[in-house]
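Once you've looked at the hints, go ahead and assemble the two chains, each given alone in its own frame, into the complex.
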Amino acid sequence: MSAPTLRHDRALAAGLLLYARSRTVPRALVVLLATAGLAVWAAHSLNAHIDPDRRVPVVALAPLFAAAVIGSSLHTASDELDRTAVRPWWRLRALHLLALTGLAAALLPVAVLGHTSVFGPPAMIRNTLGGTGLTAAAATLVGARLSWLPAFGYVSAVYLGAAGARGGASGVWAWPVQPEGGTASWATALVVFLGGGALYVARGARAEGPRS
Amino acid sequence: MTTAAPSSPATSGEPLSTIRVAGLSVRHRRTLALDSVDLDFGPGVHGLLGPNGAGKTSLIRVLATVAAPTDGRVELLGDDVRDHRRRAAVRRRLGYLPQEFGYYPGFTVREFVAYVAWLKEMPAADTPAAVERAVARVGLADRVDAKVKTLSGGMVRRVGIAQAIVNDPDVLLFDEPTAGLDPEQRVEFRELLRELGTSSTVIVSTHLVEDVAAACTEVTLIESGHVAYRGTPESLTALGEAAGGVGDNPIERGYTAALRTHRASPAPALAVEGTAR
Chain G
201 MSAPTLRHDR ALAAGLLLYA RSRTVPRALV VLLATAGLAV WAAHSLNAHI
251 DPDRRVPVVA LAPLFAAAVI GSSLHTASDE LDRTAVRPWW RLRALHLLAL
301 TGLAAALLPV AVLGHTSVFG PPAMIRNTLG GTGLTAAAAT LVGARLSWLP
351 AFGYVSAVYL GAAGARGGAS GVWAWPVQPE GGTASWATAL VVFLGGGALY
401 VARGARAEGP RS
Chain E
15 MTTAAPSSPA TSGEPLSTIR VAGLSVRHRR TLALDSVDLD FGPGVHGLLG
65 PNGAGKTSLI RVLATVAAPT DGRVELLGDD VRDHRRRAAV RRRLGYLPQE
115 FGYYPGFTVR EFVAYVAWLK EMPAADTPAA VERAVARVGL ADRVDAKVKT
165 LSGGMVRRVG IAQAIVNDPD VLLFDEPTAG LDPEQRVEFR ELLRELGTSS
215 TVIVSTHLVE DVAAACTEVT LIESGHVAYR GTPESLTALG EAAGGVGDNP
265 IERGYTAALR THRASPAPAL AVEGTAR
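Same order as they appear, the protein sequences are chains G and E.
Just so we're aligned: the first sequence equals residues 201 to 412 in my numbering.
Just so we're aligned: the second sequence equals residues 15 to 291 in my numbering.
Pulled out of the complex, with its shape left as it was, chain E reads as follows (with noise of 0.2 Å):
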């Protein structure tokens, strides 16, 4: 598996890859959702594609310390996420927008991101400045002191990416952010990855493809536990014109034929799936 080293913002003296992950494997009970798993990513923004089940929040939440592996090694910022203090040093440097997530009762959404700041332990003489940046950045500022739960579930999920970014992270992992935005929203939103993208290393899974071609910067697509496929969104443009994929507009063209190339040729792993490592 190659990584293209990431065009811009990779600068002299700057580790390439900000995350490393080798030997992945995850297994929810008698599943394997992750299997065996090698992957590395750069600064910049990077779609993460794949059918539902394929693995893809599996890969997220192990990223985002929330869930151990069963198996193999992830690197985060160069540190090793098993050790738990190295983990809680790249905790503060990581903002994670869970696919679902419940809102504490009664909180306003400057509480609801003051205190995830708090649990990240952020300065406290910074974090009232930072709360009111992250709130503006996903278009809140004038719901700033609305409860959540009065909130439309668009503007919820903004105010899940506000508690992701307002730590100022260098790795940003965004499970399903598009879901519940309104087309207005989505193009607001392509916006800011393309700005966090430009000093962080930010992860979107997603099923919008579209969303892809607009703001990624590379495409890594995931089915039944394995990589299927790795490139630029225009890599995969041009397979899917190359190869003849179904779909409607060319990445989703590309989309479908790196699928089916994947699921085509023949994957010594799902013979072993049932051996756990």
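Chain G on its own, in the form it takes in the complex (with noise of 0.2 Å):
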């Protein structure tokens, strides 16, 4: 590699990091670790290999609850600043949600690896999925430092209200707490996923601040 060619990596490898860090992904990766460790924790206490079923708060929870930490994570402390910037703001944006993302998707499985039927990883990273997509939307819409809000009234709401609901409709609107397979609660997932991520990735979050 050439000289000027290693400078220019050092150099958007630097700027990557204070990106990072003026979102305070460090934070956020530090809780995500914990949060995985818990799940592990919380699902081998449950004594799920006598009832499936008993996965369900772990595999409602621990996904919202990462998605509200990456919510958090999009919150700028300079939006005035930010604006100014040359920089396209979209592909940091999207590399930041994706990133958090994939790694929140590749750690929560393990909490439930060996159940593949029922609650298994499958289940756990579709509702990563779905969880991320509401709090990015509403990063967007109502400000990053309350984005996990939303997510949270709705999951709670269908996992309190309608945690047996199966099949038919209520694949699309209960997917958080469908136990697998079922294409429908897929597809919602993935919707929101898409949707969210690029309402966020293309408006970015919502200015939150002295002047909003």
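Check each hint, because a few of them may be wrong.
Stated by the list, open to error - From the structure, some residues in chain G lie toward chain E, with a derived Cβ separation under 10 Å:
1. Leu-212
2. Arg-221
3. Asn-247
4. Thr-276
5. Gly-368
6. Arg-403
7. Arg-406
Said to hold, decoys possible - Here are some chain E residues pointing at chain G (derived, C-beta under 10 Å):
8. Ala-36
9. Gly-37
10. Arg-75
11. Arg-105
12. Gln-113
In short, the hints are calculated from the structure, not lab data.
Using N, Cα and C, we set each Cβ at its ideal position, and we do this for glycine too.
What follows is the structure, given as structure tokens:
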């Protein structure tokens, strides 16, 4: 590699690191790791081999918490200065969202490994994607700091009110508590992730601060 | 609205106006912050005066390309900023100090200024030296590796000034830069303003009329979304003496006299304020 390219790569790495720190990504990584650890512990203490439905709280709540952490990390401390950037924001936003979502989707299924059929890794990944889509959309519409709230409200309502809802239309609206395999719940989660993610990548988090 | 040609820096071949604004209107929900304003600015230091809520910050934010105008045309350095590719080119040559800016958590002064330089896509090879230079120019060389949150309010403001000048901009926009600076720092800042104004177009919004008298080559007074007065600090002072404005020093008398003259004159634009253009 030639010297200018190397210098360019180093500057890019240094800039990306500053970007990550400006969004408290390091803190988000630590909390995501802790969430995954907690999920493993919770899943093991549930004795889920007796009844796989006992995993529902872990499969519904751990991705929700991860999504809340990711949503909060979309907050910027200086929206006004960010807006003066020449560098296109959509790339940084997409990288940020995909990297953290990918990490969460890779870590959380560890908690439910070995149980593929009902509330196993696929359900965990589905809920991580759907939850992150919700918080990303909320960050765009209400601001990153409160982005966890709509997702929390929705998933809690579904979990409390419709934990047993199966099949039919409930596959669409009760996607976070579907056991597995249902194409409806997967399709909904993917649409939410792609829609919310695209909205955030295009528009960025809603300005929060002295001027809003 | 006529603009006197800037006296010192405009050399032949250089455009006289680096900023041209025509029919600029800015609306925040139902209030009209700027009402069809025409202005242009050339190299030099321009003071932007006016009461609270007059539209100074709205004007600066539009010029800084962080807010979009409701209506009208804004040309910076010869480029229309509505086109996003041209806007990017303009931003490379633009510096902006917001009235309030949060700071990124845990950043040192050096990291803060370097991050803004990176966002502005400055050449990587020049950045470290440019950061050092900008921080030294605002007198914070000895605090370059201090965390921003450990600094006093006046120092944070100077960090803001450093990030605005790190790319040696051709257009510099300062919104209330002297708020929180002590008298000695203000004197030093005016010195920096004069130095920057020899090559760049600097617009300074302020409530401190003395800053304008001391450091500006031109004055623009804004009142409820309209341009109330344009001239030099000297002409504003002369107006104050002639019209007998209220104030404790000549330029303050000029400021109040110009405001009152503007308020007393029939303002047709105010009558149609409700009709959006």
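Okay, the hints, checked on the actual structure:
no.: 1; hint: Leu-212; verdict: 8 Å, holds
no.: 2; hint: Arg-221; verdict: 6 Å, holds
no.: 3; hint: Asn-247; verdict: 42 Å, violated
no.: 4; hint: Thr-276; verdict: 8 Å, holds
no.: 5; hint: Gly-368; verdict: 44 Å, violated
no.: 6; hint: Arg-403; verdict: 13 Å, violated
no.: 7; hint: Arg-406; verdict: 15 Å, violated
no.: 8; hint: Ala-36; verdict: 23 Å, violated
no.: 9; hint: Gly-37; verdict: 23 Å, violated
no.: 10; hint: Arg-75; verdict: 8 Å, holds
no.: 11; hint: Arg-105; verdict: 5 Å, holds
no.: 12; hint: Gln-113; verdict: 8 Å, holds
When the structure is compared with the earlier hints, violations turn up for hints 3, 5, 6, 7, 8 and 9 and for no others.
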